[in-house]
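*Asks:* Working from the sequences, and respecting the hints, build out all of it.
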Amino acid sequence: MIADLPIVNYLVIDGDEPYLQATVCDACEAAYLGSRIACARCGKRTFHHRRLPSKGTVGSFTIIHRAAPSIPTPFVSVLVDLEGGTAVKANLVGCPPDPEHVSLGMAVELTTFEAAADESGTRVVAFGFVPSDRGVTE
Amino acid sequence: MRVNDPDSLWIIGVAMTSFGRYADRDAFDLGAVAALDAMLDADVTIADIEILVAGSVNQSRQYPAQRIQKLIGQTGIPAVNVLNACATGATAVRSVCQAIKAGEASIGLAVGCEQMGKMGMLGAASLGRERAPFEPRGHDGVVMPTEGLLGTGLMPGVFAQAGMRYAGLHDGVGFEQFAKVAQKNHAHSVLNPLAQYQKSFTLDEVMGAEMISYPNTLLMCCPTGDGAAATVVVSGERLRSMADDVQRRAVKISASVLTSDPWSPDGLVQPDVSTLTRNAAVMAYEQAGVSPHDLDLVELHDCFATAELIHYDNLGLCEPGGAGDFIDRGAPWRDGEVPVNVSGGLLSKGHPLGATGIANLFEVATHLRGEAGDRQIEGATVGMTHVLGLGSACSIHILERSAS
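Residue numbers (the numbering used here), protein chains in the order written: chain A, 1 to 138; chain B, 1 to 404.
Hints were generated in silico from the structure; no laboratory data involved.
A few of these clues could be false.
As the list claims (entries may be wrong) - A partial selection of chain A residues facing chain B, derived with a Cβ cut-off under 7 Å:
1. Leu-5
2. Ile-13
3. Gly-15
4. Lys-44
5. Thr-62
6. Ser-103
7. Ser-132
All C-beta atoms, glycine included, are put in the ideal place defined by N, C-alpha and C.
*Replies:* What follows is the structure in C-alpha cells.
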C-alpha cells in the first residue's frame with residue numbers, strides 16, 4: 001500500500017479533494033498556516049481549524065533563476081491572496097516561468113503534485129497553484 | 001563653547017574600513033582597525049571608553065567584543081555582543097546610547113564587523129532537496145525542505161516578492177523602476193573610495209545582467225563581502241568638557257529607534273519588511289522633531305533594488321504610492337530632491353552584515369561634518385540612516401550637524 005504524506009501539516013490530502021487548512025485564533029480570527037502555541041496578534045491560546053478556499057489571485061511573485069544547488073530552476077514563487085483574505089506562498093506550476101506569462105492579479109487555484117518518494121513507496125505530496133484558465137493539471 | 005542638553009547623545013568619532021574581501025584579515029582585525037580609527041577621529045583612547053558593544057552576524061559565536069578588546073586594549077570595561085540580523089551594527093550603537101541614557105557610562109564604543117568572503121547566497125548552502133526518511137518535523141509538520149517546492153524563502157526572492165507586492169498595489173512600478181534604483185546607486189559609488197565596487201552601469205546593462213530573482217538581476221543584488229565600522233558616542237554633558245574641535249565636529253543623534261514586526265497578514269508567509277519600517281520612521285521623525293522634507297540625505301537598506309524602492313514610501317520620502325514616479329523623476333539621485341544612498345548603498349558599497357548599520361552612520365555623519373570630499377552633499381544639516389534585518393529588526397537613526 002502506498003502511503004502519501006503532505007509536505008506540511010496545513011495541507012490536507014486525506015479527503016476527496018486536497019485543501020489548505022488554517023489554524024484560526026478563537027479570539028481575534030487571525031489565521032495561521034501550521035500549528036501555533038499562542039496567537040501572534042492577540043496572545044490568546046485557543047484555536048480552531050478552517051478549510052481555506054482553493055481559489056485566489058497572485059498578489060506578488062518572483063521568478064527564481066539562481067538557487068541553492070540541487071534545486072531546479074527557473075521556478076515561479078507566488079504569494080497568493082486566497083478568497084477571504086489569507087495569504088499563502090507556493091510555486092506557480094503549469095505556467096511558463098517568464099514575466100510574459102505570470103502577472104500580478106492573475107486568477108489561480110490550488111493543485112497538488114508529488115515532491116518526492118522513497119524506496120518504501122512513501123510519496124511526499126506538495127501543493128502549488130495553477131492559472132485558473134488552464135484548469136487543474138495532474 | 002556651545003551649550004547642549006546634558007542628556008543628548010553625540011557621535012564624536014566614526015570610521016569604516018573599505019568594504020571588500022580581506023583574505024589576510026579576520027573580522028576582528030577589521031573591527032579593531034575601525035575601532036582605533038573611530039577613537040583617533042574622536043581624539044580619545046581605549047582608556048577613556050566606558051562600555052564596548054560589538055556585533056557580527058557570521059562571527060557572533062566567536063564573541064567579537066572580547067576578541068576586539070584583545071586587539072585594541074583590555075581595560076576591564078563591560079563588553080557586550082549583539083546579534084540582530086542586518087540591524088546588528090545599528091543595534092550596537094543603540095545599546096551604547098541606552099547605557100549612556102541609563103547613566104552607566106558617559107562615553108562608549110560601538111563596533112560592527114563581518115567576514116563573508118564569497119559565501120554565495122545567504123542561507124543557500126544549508127538547503128538540499130532530499131531528506132529521507134520522510135517524517136513531519138516542527139510545528140508546521142514539514143516533511144522535507146520546502147525551498148523551491150513551496151515558493152522561495154531566500155533573500156533575493158523575499159525582497160523581489162516584497163517589491164512586486166508594492167508593484168501590484170501601486171501604478172507606475174515595474175522592472176524598469178527597480179532597475180533605475182541600481183543604476184543610481186552604482187553611479188553614486190564611483191565617488192566613494194571605500195565602496196566594494198566603484199563602477200557605473202547603464203540602465204540597459206542593469207536590466208540585461210544575469211537574472212537572479214525576477215525582477216532583481218545580478219546588478220540589483222548586494223554583494224557579499226568583508227568589512228567593519230565603528231563609532232564613539234558621548235553624552236551632551238561629557239561633550240561639554242571636550243576640546244573645541246571635538247565639539248565642532250560632533251554630530252547629534254536626534255533619534256535612535258528599533259522596531260520589530262507587528263502582526264500582519266503577509267507576515268504569515270514571508271517577512272513583511274514595510275510595516276516595521278513605517279513604524280520606525282514615524283517614531284524617528286517624532287523623536288527628532290523633523291519631517292521627511294528636512295532630510296538632506298538618507299542612507300537606507302538597499303540589500304536589493306526592490307527593497308530601496310519600497311522604502312522611499314515606507315520612510316515617507318515620496319507621496320504615498322508614488323515610489324515609481326519618485327525614481328522616474330530622479331528624486332533620489334545625489335542632485336535630486338532627497339539624495340538616497342550617495343555612498344553607493346549596499347548594492348555597490350557592499351553589505352558586510354554586522355558592519356552595515358554603523359557604515360550608514362559613518363556616511364551621514366561625514367556629510368554633516370562637511371568632510372565627504374568628492375561626494376559631499378553641500379550644506380547637509382540633517383540625515384537619516386535605516387537598516388532592516390529579517391525577520392525582522394528595523395533601526396533608524398536621525399543625525400544633525402552640530403550648530404556651532
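*Asks:* Now tell me if each hint is right for this structure.
*Replies:* Hint check:
1. Leu-5: Leu-5 of chain A check passes; min Cβ-Cβ to chain B is 5 Å, inside 7 Å.
2. Ile-13: violated (12 Å)
3. Gly-15: violated (17 Å)
4. Lys-44: Because about 12 Å separates Lys-44 of chain A from the closest Cβ in chain B, which is outside the 7 Å limit, the hint is violated.
5. Thr-62: holds (4 Å)
6. Ser-103: Where the cut-off is 7 Å and the nearest Cβ of chain B is about 9 Å from Ser-103 of chain A, the hint is violated.
7. Ser-132: Since chain B brings no Cβ nearer than about 17 Å to Ser-132 of chain A, farther than 7 Å, the hint is violated.
Hints 2, 3, 4, 6, 7, counting from the list given before, are not met by this structure.
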